[in-house]
Amino acid sequence: GAGVSQSPRYKVAKRGQDVALRCDPISGHVSLFWYQQALGQGPEFLTYFQNEAQLDKSGLPSDRFFAERPEGSVSTLKIQRTQQEDSAVYLCASSLAGRDTGELFFGEGSRLTVL
Amino acid sequence: GDSVTQMEGPVTLSEEACLTINCTYTATGYPSLFWYVQYPGEGLQLLLKATKADDKGSNKGFEATYRKETTSFHLEKGSVQVSDSAVYFCALIRPSGGSYIPTFGRGTSLIVHP
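Here the protein sequences line up with chains P and C, keeping their order. Using the working numbering, read the first sequence as starting at 1 and increasing by one per residue. Using the working numbering, read the second sequence as starting at 1 and increasing by one per residue.
The hints are simulated quantities; they were obtained by calculation from the structure and are not laboratory data. Heads up, some of the hints might be wrong.
To be verified - Some chain C residues judged to face chain P by a derived CB distance under 7 Å, without partners named:
hint, residue
1, Y30
2, L44
3, G107
Heads up, the beta-carbon is just placed ideally off N, CA and C, and yes, glycines get one too.
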């Protein structure tokens, strides 16, 4: 597609529910990142994929968070048993292969509100 | 670990005023430095970058110079427009092994009044 697409744009969940957030990166982009952005804060790194391989998941805040990218394209971030502190905007970004380009292309984000 | 510190916002200016948004970083080695911008209702997008000391990145009238001696990468524009109203994020990236993870500051909101 023309840009990074994320869905849903808005999600309201009751505490304890499971949610799944989808990211469709730019076609051909090898690298895919997930970030969490709390209100008034900058993006905080969650996890990174190169193709289907999850190379870094050091930012996932707990074992309730799980991400996958099984075919090296679309990625899903799953949050189990959601808590109020999970309320944030979840950003997906993709980039061409390359170790030091630094140019990420971001989606508009999925805003999660946990009641 | 690596970190980026930005000045607190919001920064409120009148149109045609000068802008400086301060950014300092902490990192081992020699990171590449970036400014991203987020316009209302849109995703973050790259504004400019610099990959080594004394490099100057520029785009859309914005500039930033990579200062290794002061570990800074301040964003400047000589004459802001209403359309520059947005949130600006300073970021760094440092290659490490076979991967790299961009680290972002908390963002600085800019409001430009006509």
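* Asked: Which numbered hints turn out to be false for this structure?
  -> Failing hint: just 1.
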